[in-house]
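Q: The lines below spell out each chain.
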Amino acid sequence: MRLAFTVRPVAWVLLAFTVLAALWIVHRSPMDYAMQDRDHISEGRSAQHSTGTDELGRDRTVRTAAALLLGLAGAVAASALASSLAVSVGVGAAFAPVWIAKSLMYLCDLFLTLPWIFLLMTVRASLPLNLSPAHSAELTFFLLALLGAPVFVRVNYARAFAVRNAEWLLHGRASGLRTMQLARRHVLPHLRPLFLSQFLIYVPVCLIAEANLGTLGLGVTQPLPSWGSMLQELESSAMLAGSHWVYLPIALLVVVLLMLELVLFEVDA
Amino acid sequence: MKIWYLPTLAAACLSGVTATAALAQAGNNEIAWSLKYDPKTLDPAKVDDQASETVRYFTGGVLLRVNRHTQQFEPALAASWNVSPDGKLVTFKLRSGLKFSDGSPLTSKDVVATLQRVLLPATAAPAAEEFLTPASVTVDAPDASTVRVHLPKRVTNVGKVFDEIAIEPANKPSEGRVTAGPFVIADYKRGESLLLKRNPFYWKHDASGAALPYLASMRLDILANREQDELRFVRRQYQVLDSVPADTFDQLARRAPGSVHDLGASLNTEQLWFNQAPGSPLPAWEKKWFTSRAFRNAVSLAIHREDLARIAYSGHATPANGFVSPANAVWYNKQLKPVHADVSAALRLLAKEGFHKTAAGLVDAEGHPVKFSLLTNAGNRSREKMASLVQQDLTALGMQVNVVTLDFPALIERLMHSQNYEAAMLGLSNVEPDPSSMMNVWLSSSPNHQWNPAEKTPATEWEAEIDKQMLQQAEAADLKVRKTAVDRVQQIVADQQPFIYLVYPNMLCAVSPSLNGVEFSVLQPDVLSNIDSIRWKASR
Numbered sequence: 001m002r003l004a005f006t007v008r009p010v011a012w013v014l015l016a017f018t019v020l021a022a023l024w025i026v027h028r029s030p031m032d033y034a035m036q037d038r039d040h041i042s043e044g045r046s047a048q049h050s051t052g053t054d055e056l057g058r059d060r061t062v063r064t065a066a067a068l069l070l071g072l073a074g075a076v077a078a079s080a081l082a083s084s085l086a087v088s089v090g091v092g093a094a095f096a097p098v099w100i101a102k103s104l105m106y107l108c109d110l111f112l113t114l115p116w117i118f119l120l121m122t123v124r125a126s127l128p129l130n131l132s133p134a135h136s137a138e139l140t141f142f143l144l145a146l147l148g149a150p151v152f153v154r155v156n157y158a159r160a161f162a163v164r165n166a167e168w169l170l171h172g173r174a175s176g177l178r179t180m181q182l183a184r185r186h187v188l189p190h191l192r193p194l195f196l197s198q199f200l201i202y203v204p205v206c207l208i209a210e211a212n213l214g215t216l217g218l219g220v221t222q223p224l225p226s227w228g229s230m231l232q233e234l235e236s237s238a239m240l241a242g243s244h245w246v247y248l249p250i251a252l253l254v255v256v257l258l259m260l261e262l263v264l265f266e267v268d269a
Numbered sequence: 001m002k003i004w005y006l007p008t009l010a011a012a013c014l015s016g017v018t019a020t021a022a023l024a025q026a027g028n029n030e031i032a033w034s035l036k037y038d039p040k041t042l043d044p045a046k047v048d049d050q051a052s053e054t055v056r057y058f059t060g061g062v063l064l065r066v067n068r069h070t071q072q073f074e075p076a077l078a079a080s081w082n083v084s085p086d087g088k089l090v091t092f093k094l095r096s097g098l099k100f101s102d103g104s105p106l107t108s109k110d111v112v113a114t115l116q117r118v119l120l121p122a123t124a125a126p127a128a129e130e131f132l133t134p135a136s137v138t139v140d141a142p143d144a145s146t147v148r149v150h151l152p153k154r155v156t157n158v159g160k161v162f163d164e165i166a167i168e169p170a171n172k173p174s175e176g177r178v179t180a181g182p183f184v185i186a187d188y189k190r191g192e193s194l195l196l197k198r199n200p201f202y203w204k205h206d207a208s209g210a211a212l213p214y215l216a217s218m219r220l221d222i223l224a225n226r227e228q229d230e231l232r233f234v235r236r237q238y239q240v241l242d243s244v245p246a247d248t249f250d251q252l253a254r255r256a257p258g259s260v261h262d263l264g265a266s267l268n269t270e271q272l273w274f275n276q277a278p279g280s281p282l283p284a285w286e287k288k289w290f291t292s293r294a295f296r297n298a299v300s301l302a303i304h305r306e307d308l309a310r311i312a313y314s315g316h317a318t319p320a321n322g323f324v325s326p327a328n329a330v331w332y333n334k335q336l337k338p339v340h341a342d343v344s345a346a347l348r349l350l351a352k353e354g355f356h357k358t359a360a361g362l363v364d365a366e367g368h369p370v371k372f373s374l375l376t377n378a379g380n381r382s383r384e385k386m387a388s389l390v391q392q393d394l395t396a397l398g399m400q401v402n403v404v405t406l407d408f409p410a411l412i413e414r415l416m417h418s419q420n421y422e423a424a425m426l427g428l429s430n431v432e433p434d435p436s437s438m439m440n441v442w443l444s445s446s447p448n449h450q451w452n453p454a455e456k457t458p459a460t461e462w463e464a465e466i467d468k469q470m471l472q473q474a475e476a477a478d479l480k481v482r483k484t485a486v487d488r489v490q491q492i493v494a495d496q497q498p499f500i501y502l503v504y505p506n507m508l509c510a511v512s513p514s515l516n517g518v519e520f521s522v523l524q525p526d527v528l529s530n531i532d533s534i535r536w537k538a539s540r
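The listed protein sequences derive, respectively, from chains A and B. Take 1 as the starting number for the first sequence in my numbering and just add one per residue. Take 1 as the starting number for the second sequence in my numbering and just add one per residue.
Do not take every clue at face value.
If we take Cβ atoms under 7 Å as the criterion, some of the chain A residues that face chain B in the derived model are [claimed, not checked]:
(1) Gln36
(2) Ile41
(3) Ala183
(4) Thr215
Result set (SDA-like, lysine to any residue): computed pairs, CA atoms no more than 25 Å apart in a straight line [to be verified]:
(5) B:Lys371 with A:Asp32
(6) B:Lys153 with B:Lys172
(7) B:Lys36 with A:Leu188
(8) B:Lys357 with A:Asn165
(9) B:Lys287 with A:Ala34
(10) B:Lys371 with A:Leu131
(11) B:Lys36 with A:Glu235
(12) B:Lys357 with A:Pro223
(13) B:Lys357 with A:Met35
(14) B:Lys357 with A:Gly176
(15) B:Lys287 with A:Ser126
(16) B:Lys172 with B:Asp143
(17) B:Lys371 with A:Leu127
(18) B:Lys287 with A:Leu131
(19) B:Lys36 with A:Leu234
(20) B:Lys357 with A:Leu234
(21) A:Lys102 with A:Leu188
(22) B:Lys371 with A:Ser126
(23) B:Lys371 with A:Ala134
(24) B:Lys288 with A:Asn130
(25) B:Lys371 with A:Met35
(26) B:Lys357 with A:Leu131
(27) B:Lys287 with A:Asn165
(28) B:Lys371 with A:Ala34
(29) B:Lys371 with A:Pro128
(30) B:Lys371 with A:Asn130
(31) A:Lys102 with A:Asn165
(32) B:Lys288 with A:Leu131
(33) B:Lys40 with B:Pro326
(34) B:Lys204 with B:Glu30
(35) B:Lys371 with A:Glu138
(36) B:Lys468 with B:Asn157
(37) B:Lys480 with B:Pro326
(38) B:Lys357 with A:Val155
Simulated from the structure, these hints should not be mistaken for lab results. The beta-carbon is built from N, C-alpha and C at its ideal position, and this holds for glycine as well.
Let the hints inform the model, and build the full structure from the sequences given.
A: Shown next, in the form of structure tokens:
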């Protein structure tokens with residue numbers, strides 16, 4: 001308890017500082033994340049490129065900062081959407097007739113058993129080819145939200161079901177509160193801690209999932225930098241031997257995940 | 001100090017182990033390397049994949065051998081051969097005293113039986129197709145050392161077919177266990193390794209009269225993992241690495257100095273093309289762009305091929321200007337000029353077609369923004385890098401390119417079946433230098449005529465001209481006539497750019513400095529083509 005109390009503000013400050021630093025780098029750097037400096041490929045630290053360049057001569061600092069911003073923004077949005085969907089379906093099932101609730105739960109279970117990596121490859125292959133990199137990022141995180149929602153549905157359903165059968169809710173209904181009023185004043189406030197936990201748990205999951213998809217060549221397309229595409233560099237043993245700065249994206253990913261875990265730890269505590 | 005000793009001790013142990021491994025191999029007079037996958041067949045008549053071809057090359061005794069270094073025919077089991085003036089009769093005179101690896105004599109009877117088996121439809125031998133009409137080909141043997149092959153019509157470059165037919169004992173096909181080549185299959189463990197032992201009755205001898213091959217055995221491990229392959233080479237457990245990827249070549253050069261070789265341009269090409277199929281589900285204006293010669297030439301002119309070679313292949317590729325690589329000395333058209341990037345010239349070409357640049361990018365005469373996707377396969381790092389470089393190059397023209405990487409089955413589905421794509425970037429492996437082997441790409445009726453597959457009649461005049469020239473070179477007996485026709489096709493392709501050639505990846509390989517007599521070639525097998533003359537250095 002004491003440890004968490006000490007660590008949480010530090011984690012928040014570090015996270016905020018990292019995001020602000022990334023924003024500053026992306027907006028103030030003379031380099032664009034897509035700009036190829038073809039005379040300086042796979043180089044280490046230099047006056048022009050503070051953490052060196054990638055295999056195409058693109059500035060690693062700018063690309064890492066942009067990947068961090070894109071990853072965090074996408075993960076936060078995907079997590080919020082997944083949690084909202086889970087709460088909506090869970091609450092809807094709890095207040096629906098039993099057969100609908102059961103059908104929804106079975107549907108979620110079925111959804112969880114599907115081999116998603118193969119389905120994602122199929123989905124990617126059947127998408128329009130002219131999807132811009134920005135749209136590919138939106139789609140990636142939207143898919144991650146859809147994939148994450150069923151994981152949380154059952155727990156939301158259980159919590160909402162307990163609330164539905166609570167005596168104080170029956171009192172509220174007996175005293176003439178309408179469904180929306182009940183939901184706003186009583187049900188949703190009871191689900192808020194659960195929503196917040198789900199949201200915080202799923203943010204790092206989304207970050208890691210995007211990174212994994214990117215290393216498989218799925219997800220965000222070039223030249224938009226993402227953690228996944230940046231980690232692809234680590235597959236090249238020649239790049240690993242070239243410069244230690246090639247580890248920057250993964251080091252930053254670990255730091256961000258650690259900070260998110262510390263924030264989450266405080267919430268749990 | 002302890003920290004210092006530990007790695008030193010480990011290194012000493014490791015070098016001890018590897019040196020022991022190498023010495024053991026040298027003592028056994030054995031070399032080892034890897035095949036990336038199991039041979040599909042050990043039957044030399046049914047070979048149609050590279051691993052099986054490699055095994056056949058080392059075990060099969062053939063009538064004629066294409067010298068991979070000079071690209072000329074050399075008599076092998078045949079002491080001499082000739083083709084009649086009308087091209088319909090090929091006569092071979094066998095060497096005297098030929099024997100199979102089991103000591104049994106090899107006579108014209110065995111050659112006839114082998115050729116007849118290859119020609120049988122039931123055998124389904126890929127080599128039979130090269131006779132054009134295998135059902136009408138007959139073979140006879142007037143005496144024990146003469147073989148005659150009767151062809152219904154002339155077959156261009158007919159000698160090459162006999163480089164692919166390994167002679168086996170009459171009516172006793174042994175799947176490489178009894179051979180007339182330098183080695184014989186001694187053991188095969190599927191998924192693990194293949195052991196080849198020296199053929200003690202091999203016909204060839206060196207200048208001093210010593211029997212060849214020098215090596216007692218070869219071990220070919222089945223190993224798909226490229227990094228494992230390199231590691232074993234560095235540890236001297238393997239003596240050969242073929243097809244080294246460009247991105248690890250320099251690193252390997254540092255880890256195993258003196259062993260890596262950049263042989264220059266290979267026969268393979270990397271190219272991009274636009275979908276010109278009239279039946280594709282693309283908007284009409286995109287079809288108009290892609291069928292425009294000026295549009296394709298402008299794209300070609302905007303690409304910095306030197307950068308592709310330098311960056312995507314770490315300098316181990318050669319900028320391309322046509323479908324025949326300069327490594328193909330006989331057929332390369334030396335009149336073709338290299339393509340140097342010239343954005344101004346590209347913009348002038350586009351302007352003539354009504355394209356113009358706006359603040360948002362390039363638009364066509366009807367105001368459509370020039371935006372298209374470039375499809376390539378996921379997992380090929382060099383190709384993915386090239387796609388990103390081309391994407392950047394084309395922004396100079398105001399074109400917006402989306403690079404899309406797909407897994408291979410999905411890619412092939414779009415290219416070959418749905419034709420739902422705009423541009424694609426892939427490579428083409430040319431196993432043979434003869435342009436006849438490229439007919440399946442260049443004839444407009446072919447399903448592999450990628451930019452517009454399986455045309456009922458040639459869609460354009462220049463495609464009709466390519467058809468005409470390619471057929472002419474396939475039928476002509478005179479090399480000069482063939483060369484003129486192939487040169488013309490190369491010129492048409494350079495003018496029309498149906499394929500925009502980017503680079504010729506270099507042939508990269510690594511060979512242990514402990515081996516003597518290794519000759520390199522751009523033809524398969526690229527490293528050990530003179531396997532019978534290779535030996536461990538005496539100093540070992």
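Q: Against this structure, judge whether each hint is valid.
A: Going down the list of hints, with the structure as the test:
no., hint, result
1, Gln36, "5 Å, holds"
2, Ile41, "5 Å, holds"
3, Ala183, "43 Å, violated"
4, Thr215, "11 Å, violated"
5, B:Lys371 with A:Asp32, "21 Å, holds"
6, B:Lys153 with B:Lys172, "30 Å, violated"
7, B:Lys36 with A:Leu188, "59 Å, violated"
8, B:Lys357 with A:Asn165, "67 Å, violated"
9, B:Lys287 with A:Ala34, "29 Å, violated"
10, B:Lys371 with A:Leu131, "11 Å, holds"
11, B:Lys36 with A:Glu235, "20 Å, holds"
12, B:Lys357 with A:Pro223, "22 Å, holds"
13, B:Lys357 with A:Met35, "20 Å, holds"
14, B:Lys357 with A:Gly176, "67 Å, violated"
15, B:Lys287 with A:Ser126, "21 Å, holds"
16, B:Lys172 with B:Asp143, "21 Å, holds"
17, B:Lys371 with A:Leu127, "16 Å, holds"
18, B:Lys287 with A:Leu131, "19 Å, holds"
19, B:Lys36 with A:Leu234, "23 Å, holds"
20, B:Lys357 with A:Leu234, "39 Å, violated"
21, A:Lys102 with A:Leu188, "22 Å, holds"
22, B:Lys371 with A:Ser126, "19 Å, holds"
23, B:Lys371 with A:Ala134, "15 Å, holds"
24, B:Lys288 with A:Asn130, "18 Å, holds"
25, B:Lys371 with A:Met35, "19 Å, holds"
26, B:Lys357 with A:Leu131, "22 Å, holds"
27, B:Lys287 with A:Asn165, "64 Å, violated"
28, B:Lys371 with A:Ala34, "17 Å, holds"
29, B:Lys371 with A:Pro128, "13 Å, holds"
30, B:Lys371 with A:Asn130, "8 Å, holds"
31, A:Lys102 with A:Asn165, "17 Å, holds"
32, B:Lys288 with A:Leu131, "21 Å, holds"
33, B:Lys40 with B:Pro326, "32 Å, violated"
34, B:Lys204 with B:Glu30, "19 Å, holds"
35, B:Lys371 with A:Glu138, "20 Å, holds"
36, B:Lys468 with B:Asn157, "19 Å, holds"
37, B:Lys480 with B:Pro326, "18 Å, holds"
38, B:Lys357 with A:Val155, "56 Å, violated"
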